[in-house]
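S.K.: I would like the entire structure built from these sequences, with the hints used as guidance.
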Amino acid sequence: MGMGRGAGRSALGFWPTLAFLLCSLPAATSPCKILKCNSEFWSATAGSHSPASDDAPEFCAALRTYALCTRRTARTCRGDLAYHSAVHGIEDLMSQYNCSKDGPTSQPRLRTLPPPSDSQERSDSPEICHYEKSFHKHSAAPNYTHCGLFGDPHLRTFTDRFQTCKVQGAWPLIDNNYLNVQVTNTPVLPGSAATATSKLTIIFKNFQECVDQKVYQAEMDELPAAFADGSKNGGDKHGANSLKITEKVSGQHVEIQAKYIGTTIVVRQVGRYLTFAVRMPEEVVHAVEDRDGQGLYLCLRGCPLNQQIDFPGPGARSPAPAAADTFPYEAAAAKCKEKLPVEDLYYQACVFDLLTTGDVNFTLAAYYALEDVKMLHSNKDRLHLYERTREPPGRAAAQGLLSPRALGRLRGGSCSAPPAGCNPFDQQVAPAGARRAAARSPGPVSAPRSPLRARAAGSPGAAVLSARGLSDATRGPGRASPAPHCPLCLGAHVLVSSP
Numbered sequence: 132m133g134m135g136r137g138a139g140r141s142a143l144g145f146w147p148t149l150a151f152l153l154c155s156l157p158a159a160t161s162p163c164k165i166l167k168c169n170s171e172f173w174s175a176t177a178g179s180h181s182p183a184s185d186d187a188p189e190f191c192a193a194l195r196t197y198a199l200c201t202r203r204t205a206r207t208c209r210g211d212l213a214y215h216s217a218v219h220g221i222e223d224l225m226s227q228y229n230c231s232k233d234g235p236t237s238q239p240r241l242r243t244l245p246p247p248s249d250s251q252e253r254s255d256s257p258e259i260c261h262y263e264k265s266f267h268k269h270s271a272a273p274n275y276t277h278c279g280l281f282g283d284p285h286l287r288t289f290t291d292r293f294q295t296c297k298v299q300g301a302w303p304l305i306d307n308n309y310l311n312v313q314v315t316n317t318p319v320l321p322g323s324a325a326t327a328t329s330k331l332t333i334i335f336k337n338f339q340e341c342v343d344q345k346v347y348q349a350e351m352d353e354l355p356a357a358f359a360d361g362s363k364n365g366g367d368k369h370g371a372n373s374l375k376i377t378e379k380v381s382g383q384h385v386e387i388q389a390k391y392i393g394t395t396i397v398v399r400q401v402g403r404y405l406t407f408a409v410r411m412p413e414e415v416v417h418a419v420e421d422r423d424g425q426g427l428y429l430c431l432r433g434c435p436l437n438q439q440i441d442f443p444g445p446g447a448r449s450p451a452p453a454a455a456d457t458f459p460y461e462a463a464a465a466k467c468k469e470k471l472p473v474e475d476l477y478y479q480a481c482v483f484d485l486l487t488t489g490d491v492n493f494t495l496a497a498y499y500a501l502e503d504v505k506m507l508h509s510n511k512d513r514l515h516l517y518e519r520t521r522e523p524p525g526r527a528a529a530q531g532l533l534s535p536r537a538l539g540r541l542r543g544g545s546c547s548a549p550p551a552g553c554n555p556f557d558q559q560v561a562p563a564g565a566r567r568a569a570a571r572s573p574g575p576v577s578a579p580r581s582p583l584r585a586r587a588a589g590s591p592g593a594a595v596l597s598a599r600g601l602s603d604a605t606r607g608p609g610r611a612s613p614a615p616h617c618p619l620c621l622g623a624h625v626l627v628s629s630p
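Numbering (my numbering), first residue to last: 132 to 630.
Simulated from the structure, these hints should not be mistaken for lab results.
When the alpha-carbon atoms are kept at most 25 angstroms apart in a straight line, the in silico DSS-like pairs for lysine-lysine are as follows:
#1 Lys330 / Lys375
#2 Lys232 / Lys164
#3 Lys330 / Lys167
#4 Lys470 / Lys511
What follows is a list of derived Cβ distance ranges for each label pair:
#5 Leu199 / Lys505: 50 to 58 angstroms
#6 Thr207 / Ser174: 19 to 27 angstroms
#7 Val380 / Ser509: 20 to 28 angstroms
Computed from a predicted model, the values in this text were never measured in an experiment.
Ideal Cβ placement from N, Cα and C applies to all residues, glycine included.
M.R.: And the structure:
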């Protein structure tokens, strides 16, 4: 659908809102039918980027149908985060497009799916859809980073910080201008403190002439080799082959290549649970809007301090209340040694998981996590880590996660609280050294114009998604409310990029 000039700005929040709702899809076995409502609305709007003024009546009808669907499932969705987020998102969109609550509704129309065969492939993708080729043409080779999540769960961030976290429920792993990754962690056993990743949702945002928006979703005992719409690449655009999903081992190992942003994602099912690993250019990692600081996502900032767990080093006997059939320490250590001969943090994580769960599959989870590091990490001297990181996310940011430009902007007074002391996770004030580092930072720095920024020039900027239920979603279970007055602490307004 086309779009008039006057409607452009108001339409910016449409796709970020829908992207969040899709990212919050509940499990298929849930009695709450919000997944059905989301899918029908997606079909009714046919994935259009933004409705033109001529299409507003049709779009409003789809919104009213969406609202009706949520009302019908309200009784079974009490307390469901995705349901409440959808309700608030619908209200925002109806207000944004001046839709009346009374009026005709629409019947969802089926989307035409591209054929799932290799006929989707295109070998003549434009250079704009190949990150490395475009980068080499303008500057030196890109710097790549790695993030991984596995086991009970253990997190290795883009800055090689290693943490063991509780993070039960839904949490954002990655949230930048090009893709969103959300994981859901559930107790390994009823009443157990041990959790593991049972669900993973990845949203690749629409990007120029390269790819349509695509959603990938994996759950326990279901590791699909295709995106949610049945396709295996980026859609119908000229550069669709720059996003491709490949099944390496049926039901166990899937790899997603997003060449247009230089990113590789590995998803595995080990036993009943999922592992995640990604290789991503630093530029893409930090591609969040300036007003959003450096984002809230775990791969960048680490786990909130109140979600981090200490597990003991070698020689300890019991890190936490054990499950009924757990290993004795010596047996756990010997079992992990079979797959992980180097006594690094992956070995320690393996022992920890066996002691707390008794599930030998966690040994393989740690092993494959390290294998993914060997495949994806750009610094072969940093494959093995030996010291865990337990620190407030604000301090991690002061040690290198915030760019000089972002620090310079904070120094300029955009935050009424001390810049580096504004922690969006648990309102902890960062150490004085972190605040001094922010105060000493220079003013705004003009970075060289990278190919990715050059390609994105002229695209719509950030949009403010005002959804009252969204702050709870981004906080996740166990997080305190974000502190007010600071752009890093987003409150009820989340800055997202318009596809």
